[in-house]
Amino acid sequence: MSGAMRALVDDVLDCVALECPEAYLAMQRALGARRIGLAFRHESFSLAFAPAPAPAAEGWFSEQPIAIRTTARTLHDILMGERDPLDAILADELTVHAGADDLVAAAEAGLLFVKGAARCTSLAPMLRRLKNLAEGEGES
Amino acid sequence: MMTTGRAPVPLVPLDARAVGMSVARTNFMRRPASEPARVGHREWLHFSIGGPDLTLLVNMSVVDDQRPSVPRGCERGRVLVLVRDSGGWGGGADEVGAAELEVHGGRVFVALAESSVDLVAGVFVVKVRLRDRPIAFELELRPRAFPSMASNVAIGPGEEPINWVVVPDLSADGWLEIAGARRQIRGAPAYHDHNWGYFSHRDFAWQWGHALPDDGASPFSAVFARLLNGAQTETYMQSLLLWRDGRQYRVFREDEVEVSAEGLLRKDDFFTVPRTARLLTGGTAADIPKRLRIEAKGRGDAVSACFEAIDAARIAVPNEHDLGTTLIHEVVGVFELRGVVRGEPVALGGHAVFEYLGRGA
Numbered sequence: 001m002s003g004a005m006r007a008l009v010d011d012v013l014d015c016v017a018l019e020c021p022e023a024y025l026a027m028q029r030a031l032g033a034r035r036i037g038l039a040f041r042h043e044s045f046s047l048a049f050a051p052a053p054a055p056a057a058e059g060w061f062s063e064q065p066i067a068i069r070t071t072a073r074t075l076h077d078i079l080m081g082e083r084d085p086l087d088a089i090l091a092d093e094l095t096v097h098a099g100a101d102d103l104v105a106a107a108e109a110g111l112l113f114v115k116g117a118a119r120c121t122s123l124a125p126m127l128r129r130l131k132n133l134a135e136g137e138g139e140s
Numbered sequence: 001m002m003t004t005g006r007a008p009v010p011l012v013p014l015d016a017r018a019v020g021m022s023v024a025r026t027n028f029m030r031r032p033a034s035e036p037a038r039v040g041h042r043e044w045l046h047f048s049i050g051g052p053d054l055t056l057l058v059n060m061s062v063v064d065d066q067r068p069s070v071p072r073g074c075e076r077g078r079v080l081v082l083v084r085d086s087g088g089w090g091g092g093a094d095e096v097g098a099a100e101l102e103v104h105g106g107r108v109f110v111a112l113a114e115s116s117v118d119l120v121a122g123v124f125v126v127k128v129r130l131r132d133r134p135i136a137f138e139l140e141l142r143p144r145a146f147p148s149m150a151s152n153v154a155i156g157p158g159e160e161p162i163n164w165v166v167v168p169d170l171s172a173d174g175w176l177e178i179a180g181a182r183r184q185i186r187g188a189p190a191y192h193d194h195n196w197g198y199f200s201h202r203d204f205a206w207q208w209g210h211a212l213p214d215d216g217a218s219p220f221s222a223v224f225a226r227l228l229n230g231a232q233t234e235t236y237m238q239s240l241l242l243w244r245d246g247r248q249y250r251v252f253r254e255d256e257v258e259v260s261a262e263g264l265l266r267k268d269d270f271f272t273v274p275r276t277a278r279l280l281t282g283g284t285a286a287d288i289p290k291r292l293r294i295e296a297k298g299r300g301d302a303v304s305a306c307f308e309a310i311d312a313a314r315i316a317v318p319n320e321h322d323l324g325t326t327l328i329h330e331v332v333g334v335f336e337l338r339g340v341v342r343g344e345p346v347a348l349g350g351h352a353v354f355e356y357l358g359r360g361a
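Protein sequence lines correspond, in order, to chains S and H. At position 32 of the first sequence (counting the first as 1) the number is 32 in the numbering used here, and the numbers step up by one without a gap. At position 359 of the second sequence (counting the first as 1) the number is 359 in the numbering used here, and the numbers step up by one without a gap.
In short, the hints are calculated from the structure, not lab data. Just so you know, not all the hints are guaranteed correct.
As the list claims (entries may be wrong) - Restricting the straight-line Cα-Cα distance to at most 30 Å, the calculated cross-link-like pairs of lysine-lysine (BS3-like) are:
{"hint": "1", "chain 1": "H", "residue 1": "K290", "chain 2": "H", "residue 2": "K267"}
{"hint": "2", "chain 1": "S", "residue 1": "K131", "chain 2": "H", "residue 2": "K267"}
{"hint": "3", "chain 1": "S", "residue 1": "K131", "chain 2": "H", "residue 2": "K127"}
Let's have the full structure, built from the sequences with the hints guiding it.
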């Protein structure tokens, strides 16, 4: 499944950018130059949102990413309203390491992402892909 | 409380064909032409079926798709289902793009992905099969009351008016399947409303409810409608409508109606549809009155009513005008109404569903 989560995250972000650009741009503004490091059970990668329209200059992004570690199952359950994020944090199923300002920015960006996703009509197949990844995660 | 007066005299039986024709003449899709001169139209068909042991709510909506990536003139749809039984709440939502949407203006026909509503010979045929939740049902809903229509109801300065038709009493037959377990539905009480217009949720809220008697011999049914500003500090309109033997019997309007709220319904958690919107609901604090009291009197008639909330779930509706979220609380409870109308006692006690609006994140 290597690369599958990265491909899914890219597709979801593209979907929000296309179907609800207002939310995508607000999310981008909330994050600014911050990078997000995402670590799942079998896959880790980094996200950065270049300021539009010009590509970000070298050195523009922060060196220290907001580090998020979780599983496809936990992410699926949170997005599907079946798990409270705070409960997942308390159970060590979701960890977020960052400075206080970065945590606030990440929370705001996350909320804006969900607002955008809620306005997408083509999100359902991607949630099914996430569910499949969550089920595959338990088998491998 | 006034309960004196003559016993109600039974009216002649309803002509089912006349009821069906009346429903068909008032209750058709108002969607504009395929090349609309303006955008922002929204329209939905809402059905509430069952009683305290099983409550099934389904809402099929069609709105102009105003997202910038979508060509002008396209619509999008949504199927929302909430079901409450002894196991608690369940449900889900299907978002439907223009490619899977078929709506016929001028009559009731809406097909959204694998779900549809059709009006055939005065009978609503509702078929739902959610794509990502194991919930499906097929129901025929026969109106047992004449509809009531309200047109161009003003909802505040700078806002477009809202329009609706309500059918307060229907009989539902068919089946409901949840996670493979099928149950038959026979003669279940039901309610329907159909709303449309160009209004937004920018500064607009409602308290809206319907009640049918637990006692099948009771001839009464009731609908309560109250439109308010977003902060719910100003009332644009309010009315309590009573039907008797399927005919509109008394409408208390505006100054004839006084509404007061007592207490708050507290819950540790709210079931929310779409499930992906749970993060947008802003926690469990909700402005849901534990009891809503309605006093109505005028022209020698007087009734007192109270809706006591028992349980609630949430529908999260993304705003079109900003990135906010409007929450529709679907609240099940018990409705009691007593009084005198036209010199006759009126009594209605039974299952009711009220909607209270709120704001999410």
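- Taking each numbered hint in turn, which are not upheld by the structure, reported in ascending numerical order? none
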